[in-house]
Every structure is written in structure tokens, then in C-alpha cells.
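Protein chains in written order, with my numbering: chain A, 33 to 168; chain B, 33 to 168; chain C, 33 to 168; chain D, 33 to 168.
Keep in mind that the hints were calculated from the coordinates and are not lab data.
Here the structure is a predicted model, which means the values were calculated and not measured.
None of the hints are false.
Identical chains blur together in the list; that is why a pair holds if it fits in one copy or across any two.
Here are the simulated SDA-like pairs of lysine to any residue, each with C-alpha atoms no more than 20 Å apart in a straight line:
| id | residue 1 | residue 2 |
| --- | --- | --- |
| 1 | K152 | D96 |
| 2 | K129 | F151 |
| 3 | K40 | V138 |
| 4 | K40 | E108 |
4 protein chains.
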Amino acid sequence: MTFRSQLKIRFGDIDRAGIVYYPRFMHYFHVALEEFFINELNIEYHEVIERFRIGLPTVHLESDFSKPFSYGDDIEVEVLVQNVGNSSITFGYRVFKQGDTEPRIVGHNVTVCLDMDTFKKIEIPDWLRQRLEKCQ
Amino acid sequence: MTFRSQLKIRFGDIDRAGIVYYPRFMHYFHVALEEFFINELNIEYHEVIERFRIGLPTVHLESDFSKPFSYGDDIEVEVLVQNVGNSSITFGYRVFKQGDTEPRIVGHNVTVCLDMDTFKKIEIPDWLRQRLEKCQ
Amino acid sequence: MTFRSQLKIRFGDIDRAGIVYYPRFMHYFHVALEEFFINELNIEYHEVIERFRIGLPTVHLESDFSKPFSYGDDIEVEVLVQNVGNSSITFGYRVFKQGDTEPRIVGHNVTVCLDMDTFKKIEIPDWLRQRLEKCQ
Amino acid sequence: MTFRSQLKIRFGDIDRAGIVYYPRFMHYFHVALEEFFINELNIEYHEVIERFRIGLPTVHLESDFSKPFSYGDDIEVEVLVQNVGNSSITFGYRVFKQGDTEPRIVGHNVTVCLDMDTFKKIEIPDWLRQRLEKCQ
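Construct the complete structure from the given sequences, taking the supplied hints into account.
Given below as C-alpha cells:
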């Protein structure tokens, strides 16, 4: 069962064209990812950073937007673990208007595991790899 | 000569990892695009929407991030016209730390020309096509 | 019983000083207000704008911040109807860290009822006034 | 001569009511403050934080909004030093549409000088006090 985060489009998320300002979707991706961490990986994202000193900066991003969202739309952001490499993790995202079967946005980002103190690339620690692989 | 917009990383653009929150780069892309419109295409972006009733929603986005940016970095966002189709326009972006010769971010987005009143796809009007093609 | 909206501080809400960027609190106020509308006034905020063509721009804002919030904090934003005038409504906000009895932020904003088509000030319509007064 | 920062309302700064989302003005205040630091106090705001380890969180905020701003408006944000206390600094802000003589927004925030390492209140260091007092 794939994880979905329930979000609401907010009043301030709209641009001058009356639809969601597209950079907001990357923010929604991240909010959904934070929810994925606590709900599916059983760890708060802030603990990953603060306690385990691991950062996951995005090195690649891709997204297709087939239909706009408006203010008032309730959305669901699906989060998928698409690939777990040595130090990279690819997360997939699909954004649905609630009730729809087809996503309006399909995207993914590749993140790299960093030691937050040295900002150097590290291997994904085992505790994180195991949790990620369970979600694949 | 390629257009570059000079921007500053702002205090509030930073995330908990101490680097620029990656969705902000999509905002920087858009700010640079707005500057590109007035400086290179000789039309304010808001006029495109309000006077000509044309919207340019993003249908595809891709970006590579090779090195993070920090608060205090001055940046230059290069905007390129990469493709002009029937109704789609592809804009390229390269983000440099000021003084660097290599970009830290390389991305592009495909936008589609919409009639803002019907939200239907339309052909790029001639006045816009001509200006875009001059910048290719 | 006062309405409280449960929110989470997000990864991107943090500033370079490592605490919540203070303009984000005004965004939290607004998100909580949107939740207050649907939960307590039984109308979605977007319907107020889109169906009833009423806007509620802020004309005055005041806020005291006694203690910062960090990434990972769960917060509760209390929304109060503090005053209902002829055309103005004052909403109060109190922001708590979950579990705390003392708020860290206390603020309010005065909004004015506008006809969205003319952008002129209007009297608060009865249907809205009655719902607001029930919450005082 | 009072310092003014030239800003442009951006495409994504607009809310569903078609005017600037009011929390964005607090962001504009901060951007103008950052420009004030480098232009009038001769120090980059990020150096205050990173080199001098001083933070200036807002403890009180007040603002009046008399007229909305729209996408396409060029604005000027005036920054004033209104008070320099032992450890608190009050900055005033006035936001003009370019060419106007009357501000549309008048606000101020009280900030408190913190040691970034202990997050304890400290006296304003002399080097900062002297620069601030020159601007009063």
C-alpha cells in the first residue's frame, strides 16, 4: 500500500494566473516526504538531520504537470521509494486531486546522503537502508 | 550574449540543513524568467498575462543540482530559450555563484501557451514567437 | 471551546538562524484561519472568495513573539474572533508548542470585508456575521 | 536621506484574491532589512549571523496596510532605525508604490540581540550600535 499525504492547497499558494505556483509543488513534495519519514520509515525527518546528522540534498529533479490545481483543491501526494543506491535515494511523487484515479503530477528526485558535519557524501547507513527497502 | 539575472540568496531561503531549500530554486528560475521577459523580450511578464491574456504554465521540469548554495551567496541565473514549438516554449536555466565559470544548477522547463480565459492551449502568437526566436 | 489548528513546522520554514523565519508565522495564521472557516464557520474559505465574492484583506496586524520555534516542533494555532464590526473582523491567534500551556506567539489581525468585484468595502453579510458571532 | 530598497512584486507573491499575500510583506520587510544592512550599516546581514554570531529575532511586529499591491507593481521599501535600546532595535518600514508620495504600508518590528551560540539576550555590541545610531 503506497503512502499518501493529504494536503490542502492554501490561499497563498496561488499565482497570478489563478493556479498553484509551480514551485509550491516541490514544497508539497517535501512536506509529503517529511510525512513519509515519520509514517513509513518511523523516524522524524528532523531527527535524521539533527540526531543522525544526515542530510539528503536533491541532486536531480524531474516532474511532469498534466493539469493545474486551484485553490480549494484537496490533494494527495503519493511518495514512493524508487531506487536505493550506495549513497543515493530516488523518491517518486504522484499528486492526485482527491477522488481522481489519474495523477496530475508525476515526479521524482534523486537525493544524496551527506554527512551534515563534513557535507561529504556517505553511504546510506544500514538502519535507513533497511527501512527504505521495506517500502520499495 | 546570454541574459543573466542577479539575485541574492535571502535569509529566509535557507532550510534546516543550512543550505538553500531546493524548491526556492524553482522560484529563482521564475524570478529570472520575469526579468528575462522585460529585459530581453521587452514585455513585462504581468502584461503577457493581464493584457494579452496568455498564461505559460509549466508542463515539464528538469534540474540538476551539483553544489549547494548558502546564505550570503550572490547568484546569477542565466535564462535561455531552448526551444520554440507550436504552442510550447522550453526555457533553460543555469545558476552560477557570482564569479564562478561552472554553473551549480542546470535546468529547464517546458511551458505551454494557454488562453487565460478558456485555459485552452493556443499557438504562440507571432509577436511573442518573433521575440523568442531572436533570443535563441 | 476555542478552535485550534494542528500544524507542523516544515523543513523549509527555517531561516539562517535555525529558527522559524518569522514571516512564516503570518502564513501559519492564515492556514489556521482557513481551517477555522471550514471547521467553525462551516464554510470553506475559498467559497467565501469564489462563491460569495468576498475578500478579507488584512488592514492591521500585530504580533508578539516570546520564544522561537524550531524544526520538528508540533504547534497548535488557536483562532479567536475578537471583534465583529460593521465591515471589519478582528481575528486573534495564539501559537502553542504542543503540550505547552503558555503561547509563544500572540497576535491578531484586522480584516475588512471587500466586494471582490469592485474591491470596495462592504458590510459583513448577515450569514457571515451570524456565524462569526457564535464563535465570539 | 532615508534608505529605500527597490523591489518587484513577483508572479508567485499573489494570493487567490489577486493581490499580494500579506505574509509576503513581512518577507519584503526582511529583504529590505538585509539590503539596509549592507548599504547603510556596511555589513552583510549574513556576516552579522555567521561572523559575529549575533541573531536578531523579532519579538514584536505591527503593520498597517491601507491599500493592496498587485502583480506588476514596483515597490520601494523604506527602512528606518526607530529605536536603539540596550539589547533591542526597532526597525520601521514604509512601503510605497513607485512614484507615490504616500506609503501603502507602515510597520515596524522590534528585534532583540541574541548570542547565536547560547540563544541568550545580549547588549547590542558597540560596533553595531554606532552604525545604527548614525542612521537614526
